[in-house]
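Going line by line, the protein sequences match chains L and F. Residue 1 is where the first sequence starts when you use the numbering used here, and the numbers rise one by one after that. Residue 1 is where the second sequence starts when you use the numbering used here, and the numbers rise one by one after that.
A couple of the hints might just be wrong.
[Unchecked claim] Taking lysine-lysine pairs in the DSSO-like style, the calculated list, with each CA pair at most 27 Å apart, reads:
#: 1; chain 1: F; residue 1: 171; chain 2: F; residue 2: 60
#: 2; chain 1: L; residue 1: 160; chain 2: F; residue 2: 46
#: 3; chain 1: F; residue 1: 110; chain 2: F; residue 2: 171
#: 4; chain 1: F; residue 1: 44; chain 2: F; residue 2: 60
#: 5; chain 1: F; residue 1: 44; chain 2: L; residue 2: 160
#: 6; chain 1: L; residue 1: 160; chain 2: F; residue 2: 110
#: 7; chain 1: L; residue 1: 80; chain 2: F; residue 2: 284
#: 8; chain 1: F; residue 1: 114; chain 2: L; residue 2: 160
Please keep in mind that the hints were generated in silico from the structure rather than gathered at the bench.
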Amino acid sequence: MASKLSSALAAAKAEDRAALIGYLPAGFPTVDGGIAAINALIEGGCDVVEVGLPHSDPVLDGPTIQTADDIALRGGVRIKDVLHTVAEVSTAHPGAAVLVMTYWNPVDRYGVARFAADLAAAGGAGCILPDLPVEESEEWRKAAGEHGLDTVFVVAPSSKDARLAEVTAAGSGFVYAAAVMGVTGTRAQVGNLAEDLVARTRATTDLPVCVGLGVSTAEQAAEVAGFADGVIVGSAFVQRILDADGDDVAALDAVRALAADLAAGVRRR
Amino acid sequence: MSEKDYLPGAHVPDARGYFGAYGGRFIPEALVAAVEQVAEEYEKAKTDPAFTAELDALLKDYTGRPSPLTDVRRFSAEAGGARILLKREDLNHTGSHKINNVLGQALLTKRMGKTRIIAETGAGQHGVATATACALFGFDCTIYMGEVDTQRQALNVARMRMLGAEVVAVKSGSRTLKDAINEAFRDWVANVDSTHYLFGTVAGPHPFPMMVRDFHRVIGVEAREQVLERTGRLPDAVVACVGGGSNAMGIFHEFIPDTGVRLIGCEAAGEGADTPRHAATLTKGDPGVLHGSRTYVLQDEDGQTIESHSISAGLDYPGVGPEHAWLKDTGRAEYRPVTDAAAMQALRLLSRTEGIIPAIESAHALAGALELGRELGPEATILVSLSGRGDKDMHTAAEYFGLYDQATTESGEGN
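Next up, chain F with everything else stripped away, as it sits in the complex (with noise of 0.2 Å):
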């Protein structure tokens, strides 16, 4: 693959990295620097021939792309017969697409003359991967993640500790992923000197959400690619998984121009849109500024955020990517929401008809192309990005479905 295929091309931001009314740099002074310094060496980076060889070795050798194009026929008849395939960023090393984003900015690092990362994590996902490459480099590494989520993903945690990697777990506000966002910027302050701000999606200030899509542009280069290979056609639509954005961003880049293609990001409704735990910020948030951008947020009327509820730790997030938002009010892109109850059936649904157990926050993506398929028909092809396994949420899905229950009822070994 050469640097074209995966680096930028349409829809770059302004000067000021602003996606239409969306995006922009609202950081303290003491960052500017080192926000620059990033801004000027990705500029450099993305041109040089070597880190482009580098980054495609390590995404070929490391990571194992392409990763492959899955036909779902058994998952698709319960979505009205629609044909539905699945992008597998499950099966990238590490679990998920994160690791994209993370090599990139890893090779980042090294070319600042930085020799530690931080970052923050929902799910988990992305502080793996964040580990894993900390430990290919050698950098010394911290991850930011909500006290909530250390416990609904303790595996992640397990993992990245495994990996040689620091987890401090953030007691302060929702205790969440926007919680672990404010301490690593906090710690990003203080250590901007020898530390790099690793970050996981396509928000904060710029040029991050320009940047991590570029690192993520290769999933949907990749797959626009295999579907038409596979079915001679563009797909009529292509969804994904919105939290901050950063899956959905990757794949559905490519397809911008293909105005026949219709973009479906799914939000988490948590418990409804309408009640008030979800993390639906498209849909129900407002323009605002949150963690360095302005971009739809979950806030009050006095611009005070609103605490997001989602069963996914990598979508409970009351903000979203610049982009997304100006995707949306220039309506390229839909949003819609998913409920935690929706996206478990899917998960579910996945794993007994295709033998493919997804991330919660992948079968938010799914339930929507179940959804999306009966309202096609059977004539429609639906794109889905699977960005990421299932393995870290079982334990949630086993106290979902009652499992753990089961298996004792069913193997005869009560305790």
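So that you can see chain L by itself, here it is in the shape it has in the complex (with noise of 0.2 Å):
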């Protein structure tokens, strides 16, 4: 049986489209609010989306995403949040696929086999661990494929054809290709190396490619669907949180605004 991230991916193929996949912290700016926020992604035309795991060293995320996650901390959001929140999303929309995006640490620490079983158990469909290289992923990748969890590996654009091919079989859903060498967070260009990455990627797997950092505008999402099978938003998101400074309905306003955008986009290729 296919999973529901390779379902949900699927069914944005057979529409000739790439899938919108979108990102918000848990927790962020509250729990409820975070969950609020999250459904509102998927209302707006994610297929998927990414429940990120506040962490205190986000070391691969840039300002924005940094900001979100202090404040989801300084509230007092626990691993037990994130859960909940994939559990109430997940319920609310059983179509759509639910993943967990973490540094690793908070697994190791939380219980690698423990994790997985109560990811699945809350209805989740898999994780994104940046920070967890394929080389050091066994124990994680044993417990997810009992759990039936799929696990996203990133490739970047410095990754060597040789490396793509190690990464690709590793991982499972689809590939996170980033669309540039850096950080989280919005640019005003999507940049020429995504386009090469991903088309390097492809030959390497048949798993779907999508294409995440820095995108924000449907301009980029209609870009980036023009070459890979996915578009993944993340800042753009949180910033239009950040910027409804605390008027929750207009939050949600907007950020179900910029997901309808971005579905509008990612339709255009």
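With the hints as a guide, bring the two chains together.
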């Protein structure tokens, strides 16, 4: 049986369009507010959502997501709240695939097998672990496999072809192609590294290849949808919530509207 | 000195960079190629006679190695009469042990054809050493330093800028060393083609823990010979401060096979290891992953890093090098917490009995040696790594001991 994640991506492909994948951290701005915001991403048109596990040391995130993580952690968000968020979103939207995006140490500390079991029980579809390279991932992949979870690995413009083959062979669901060398955050240009990376990645795998880092507008989404299987957007959603400055209704409207805008973008290719 | 004297012998990590259960390489895919390049280039360099000759020459003629070994008899009297010998890394050019590693990695940067160096710094000693090497080699240089540390180590900020480096005050998180490392990693991910991250301690992803240790191994190699020559026997114990743990690994390493020699690392206990305000990672932390390697980490039940606290910026770090984690678990080394107060008393004592003002970091090792000397008695010989000099800490010390007020009253030049 195809995984929830594979099914969601296949459904987009069947419509001859790229998938839209949205990211927001759990607990941002509050646990309930975060759940509502992630639901709004799906209502706006995201096929897949990544629920971020806020971390004290988000070394791969730019200032926008760092700020969101800080707000969530100061609000007291715990791993159980992240799993609760996954469960609420999965229940509200059974057709959407809900991933967790997390640095490795929280999973390590929580217990690898326990985290996989609890994430699966919450209805999660898998994990993206951006600081867990393939070489260190065996224990996780075993636990994930036992619970039917996908493991999405990141590839970067600096990844050589032989390395791409190793990474894509270990992953499942899709391959996360980083559009640029750098941390998360919106950028004026997607850059020309992404298309080349997608082509090189596709040469090694049949998995869908989705592009993230720096994509924030419908125009960029349409551009990326022209050469990739999916478009990943994070910081732009976070920024909408920060801009709402505590007005929860405005925040939800803004992220829903952006998701709808991006969803139109991925259909424009 | 020949290549075999300071490049690695025993105790190499396994192929994946593990010392027992600790180490490894927990890095984003974007950095894999760069970290592999560092590892490959280092493997080639360390057996290349031209590389070792160039490093030897720099250590001798630029750094001023070998650093002396100083008997501190008046200070020893306060340590139950045990004989204390100081390995004087404070007398190196730039004022600390940090230059040993920096020159090695600067040569490696040149071999890799990179033109820009970034580094983190806590106390500023690694930043100053890095800025120094960048001036010497003509590299662009950016130093990340927590905002709290730029304030308490303002002299070193000025030194770095004088040397031509850009100093970025990091305002995220605890605004100390941990966050400076985060920010340096972010820079590296974005600029990895042109830039080498000159990591300053024996932590981080493989090969940094091994490579940084190898470049500091010269401390222990020299000291072991000097102690034997001076006293006719090995010391009973070797004592060093441990933040990330580079000077400690450097002086410990050569003594690891000498099982009769106790290896004692002094961690910063801040206001007390049983208070929430400390940086005693090996004493109070748990195994986890921070900054690219598996090691002991001060963390909560969710794997979030707990902010550390120490009067010493250089020891104010919630992680530690993985080889120390391994030495702790195997029992080969012992790690003791030393409070701010004990370190500051030791700083003043060494200043007043020997005319040597140590860095606050190194004063933790001195405090540990005083305690150990009283335990071991007058027959004991204790080798202490005096990893840095205290000029940079005069503001902190003056405030701590009220020296500014004192100077005004005693001189009668009131304002």
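- Starting from residue 110 of chain F, check that the Cα of residue 171 of chain F is at most 27 Å away, please. Violated: residue 110 of chain F and residue 171 of chain F sit about 31 Å apart, past 27 Å.
- Item | Distance restraint between residue 80 of chain L and residue 284 of chain F, which requires alpha-carbon spacing of 27 Å or less | At roughly 25 Å apart (the allowed maximum being 27 Å), residue 284 of chain F and residue 80 of chain L satisfy the hint.
- Message: Given the hinted pair residue 160 of chain L and residue 46 of chain F, is their Cα-Cα distance within 27 Å?
- Response: holds, 26 Å
- Query: Is the hinted pair residue 171 of chain F and residue 60 of chain F satisfied, with a Cα-Cα distance of at most 27 Å?
  - Reply: violated, 38 Å
- Message: What's the verdict on residue 44 of chain F and residue 60 of chain F, does the C-alpha distance respect the 27 Å limit or exceed it?
- Response: Within the cut-off at roughly 22 Å; holds.
- Message: So if I understand the rule, the pair passes when the alpha-carbon distance is 27 Å or less; does residue 160 of chain L with residue 110 of chain F pass?
- Response: Answer holds: residue 160 of chain L to residue 110 of chain F is near 23 Å, not above 27 Å.
- Task: Assess, step by step, whether the Cα of residue 44 of chain F is no farther than 27 Å from the Cα of residue 160 of chain L, and give holds or violated.
- Result: Given that 27 Å is the threshold and the Cα spacing comes to 21 Å, the pair holds.
- Given the hint that residue 114 of chain F pairs with residue 160 of chain L, does the C-alpha gap stay at or below 27 Å? Measuring from Cα to Cα gives roughly 19 Å; hence the hint holds.
In the structure shown, a violation is registered for the earlier hints numbered 1 and 3, in ascending order.
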